[in-house]
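Enquirer: One-letter residues, chain by chain:
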Amino acid sequence: MTQKNVQAAALPLRSGFGLPLLLIAALGLLGLSVLLAGQTAPAVAWPWLVGVVALLLVGAVGIRQSAQGETPLARILPAAATLILAILAAEAVLRAYAVPTGLIPTPSKVAQSLWAARNVLLLDAYYTFVLEALLGFVVGTLAGLGLALLAVRFRMLERGVLPYAALLSSVPIVALAPVIIKAAGLGWPSKTIIVAITVLFPVVINAVRGLQSAQPMHLDLMHSYAASPAQTFREVRWPSALPFIFTALRVSSTLALINAIVAEFFGTEGHGLGFRIQIEVGRFGLDIVWAAIVVASVIGISFYLLISALERYVLRRN
Amino acid sequence: MTAPRSPSDTPIVSVRDLSMIFPTPGGQTVALQDANLQIMPGEFISLIGPSGCGKTTLLRLMADLIQPTGGELLVNGGTPRKARENRAYGYVFQAPALMEWRNVLNNVKLPLDVMNTPKAQRDSRAREMLKLVGLEKFERSYPWQLSGGMQQRVSIARALAFDPAMLFMDEPFGALDEITRENLNLELLRLWRETGKTVVFVTHSISEAVFLSTRVVVMTARPGKIEGIVDIGLPHPRSDDSREDPRFFEYATQIRELLKKGHS
Amino acid sequence: MTTAPTPTTLPRAARRPSNLFPMLGVALAALVLYWPLMLWANSGQAARSLASGADLGCKTALACATQLRNPVIPAPGQFASGFTSLSVPPLAPTSAPYNALVTGGETLLGLALASVLGLVLATLLVRSRSFERATLPWLVASQTVPIVALAPMLAVLLGQYGVQGFLPKAIIAAYIAFFPIAIGMAQGLRSPDPLQLDLMRTYRASPAQVFGLLQVPASLPYLFTSLKVAATAALVGSIVAEISTISFSGLGKMLAENSRASDTVALWVIMIYGAALGIVLVALIGGLERLVTRWRPPA
Ligand SMILES: Nc1ncnc2c1ncn2[C@@H]1O[C@H](COP(=O)(O)OP(=O)(O)OP(=O)(O)O)[C@@H](O)[C@H]1O
Ligand SMILES: [Mg+2]
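So the sequence lines, in the order shown, correspond to chains A, B and C.
Residues in the first sequence are numbered from 562 upward in steps of one, following the numbering used here.
Residues in the second sequence are numbered from 11 upward in steps of one, following the numbering used here.
Residues in the third sequence are numbered from 7 upward in steps of one, following the numbering used here.
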């Protein structure tokens, strides 16, 4: 802490230089890309690369400067600048070396394709996220909670089932997917089932752990009040289980989408982001692949943030 | 007979108008205000006072773990930083702070590992220290297998392992039962007499402070201040009989009065 | 001196009742349920085959349920013959054990690569606040992104640049595994108690000593926790990579082939091998963990 302050004071530039440096780097990279858009492909690429690296170094100093201090800007700007500079640099380098779109598409090409194919991708996202990931997530969570309640109620069940749940959570879903798709058909429900199964294990394990995390002293207290089992559950067991359950939900929220996409690699009826990625990789339409990944990422992050927000809201109220 | 003192009369720790103010969300906490204290080489000083009066803060200032916001502090004839860099003191924290992955012997060896003591000496030196705190049978145990008091004794052995000139001890015996505590008190006094180390010792126990110290520094809270300093004239070497000495009770009463005065 | 209690008074973890019997009970229940479930799952397909006039060598749908060429759930006999034909001899290029070893090897190599990369990244994260602020949000976000969706593309890309054979799969496995490892390690490197850091400061320990003697050992439990998560993810990565590249061995290649041929019995057998591989990998890491962190109390 104190050492860091000393460091910051010793830097030759004040942190006020961060923003101008970042602007120079970003505009410079943008300029390189614009210059490269005019010609077909430069004869010698390395001077452009040197330019990009130099501007990135300027940007790195800018990021370092802007990361000093505890202001909200100092927390957000470095991350935002990193993403923007990375995208701009990729654009310039890919253009300088005239890398074919079939190999690595430029970010601008990806953006164009994303817009052009928006209807297809949105329908894909509807299948993958709403029908498969979200539905599977809900089904798996409810089944997991039910199983956890049974396991806590009947000790024998807990000791019999929980070790298997722990064991099965280290099974790769790609091994399950082909069999389940063969059994339940190529339509979206087979993927929903796969997602539900993969969500089930973390929910069961965490919910049981949570329901048992109630402090013995609190349970004794309820006992001394002659509370009914239902009251004890509502007042003590359930509130102490909630943090554990939400941890599982947060982890599962990301697993659900990822697993829906991977499951689609093993057969669909022609819809879904995973299907789209697989089919377009095969025909070297990597701009669409990247566009699909962008869509999936935005959905994945939003879903995760939503669950986290729900967690904060519910845990604050309890 | 007085405590063994080194020939020089320059203080080993010199605290002048020392202040420590912590910035806190709701304003500032004055942890220490205008403290003045001279500690001579070879003294055994106890700091006593209510919780939150700045005892730990004063010790951490001397150890260069935090920097004062005002006043002057000299340790071992130089800045606290220089004293730390010369490895002039061993620090026993309020909690054992053992490394969970090292067994008892290796925990005591930690400072020797850091300071690149010749390898051949490390084991024997650490075993010697463990014997001193009565844990030689546990050298292969891991921290989680020890009781809180045993862990604290390991941390004392660790602080002694590299034979520093000064010992800063922050409530080292707080977690111990009365009998073990009295035994360790005697052991610490013997060590102090034999080695001539300067000891700064934080405690909440009036009788422990009187029994151990050449002087007791009484502190009061909010803001943290030195209320008074009591010279303990009990003869050395001390033994269990010292506790029966009528002066023992006089000193204890004197300290209690000072503490009460600060409380009102 | 104080009378030391003898070492026999050391606290020991209380033994919990064994889970063996309840687990056996659940296994038995699953076995009992398997038979009617299998008949029910297969009888629909059997009825359709009979109705279309196929000669299955049996009369009723229920009787045919155990004899389908590509059953939804294989009958015990089919399982047995499927297992033997795919497992004997175990090291033939077409056998499941051999291919599981290949996939397991790729995954382990990937995990090793990922650990090195993760350690480097975690060190940077802990050392530099600017680096942390610039990259940590994206590292966390990447956990919520279907990174494995990149695997097919990465496989094509690596193939274009001449990276072939074992390596591209290991690279993809590493690529998927190194995020959780980096984040877990960074958490671990930050885990030492402030007092432990103060202690090192009183010894005037060098930054390298603080790192090697305090931060790295303190981070080991975190490393193993994230390695277990990463292992399953890396396994998925290498299998997907095998499917998306021209592979000559590996469980992924077997899955792809039998999926095309609709050989469901083989798919079931491969699934069991894949599940076992996942469990074995995690168990291996657990074993290594116990070996390396012997100082921890038994769970
Ligand atoms: N790092 C810090 N930041 C803010 N306030 C602090 C910090 N360290 C200590 N304080 C405050 O300074 C005061 C003195 O704390 P200190 O730890 O020195 O007390 P103490 O005398 O050692 O008490 P105890 O006997 O309980 O250990 C307290 O009010 C405490 O809240
Ligand atoms: Mg204190």
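Derived from the structure by calculation, the hints contain no laboratory data.
For clarity, every value in this text was computed on a predicted model and none was experimentally measured.
A couple of the hints might just be wrong.
With a straight-line cut-off of 25 Å between C-alpha atoms, the simulated DMTMM-like cross-links for lysine to aspartate or glutamate are [claimed, not checked]: (1) B:Lys92 - C:Asp269; (2) B:Lys92 - B:Glu110; (3) B:Lys147 - B:Glu192; (4) B:Lys129 - B:Asp173; (5) B:Lys235 - B:Glu254; (6) C:Lys259 - A:Asp781; (7) C:Lys234 - B:Glu110; (8) B:Lys92 - B:Asp19; (9) B:Lys271 - B:Asp251.
Enquirer: Does each hint fit the structure? Answer for all of them.
Expert: Status of the hints after comparison with the structure:
Distance check on the hinted pair: Lys92 (chain B) and Asp269 (chain C) sit about 76 Å apart at the alpha-carbon level, beyond 25 Å; violated. Distance check on the hinted pair: Lys92 (chain B) and Glu110 (chain B) sit about 30 Å apart at the alpha-carbon level, beyond 25 Å; violated. At roughly 21 Å between alpha-carbon atoms, Lys147 (chain B) and Glu192 (chain B) fall within 25 Å of each other, so this suggested pair holds. Note on Lys129 (chain B) and Asp173 (chain B): the hinted pairing holds, with a Cα-Cα distance of about 16 Å set against a maximum of 25 Å.
Taking the CA atoms of Lys235 (chain B) and Glu254 (chain B), the gap is near 31 Å; set against the 25 Å cutoff, the hint is violated. Simply put, Lys259 (chain C) and Asp781 (chain A) have alpha-carbon atoms about 57 Å apart, too far for the 25 Å limit, and the pair is violated. At most 25 Å may separate the alpha-carbon atoms for a hinted pair to count; Lys234 (chain C) and Glu110 (chain B) meet this at roughly 22 Å. Between Lys92 (chain B) and Asp19 (chain B), the direct Cα distance comes to roughly 21 Å. Compliance with the 25 Å bound is thereby established for this hinted pair.
For the proposed pair Lys271 (chain B) and Asp251 (chain B), the alpha carbon gap of about 30 Å is over 25 Å, so the pair is violated.
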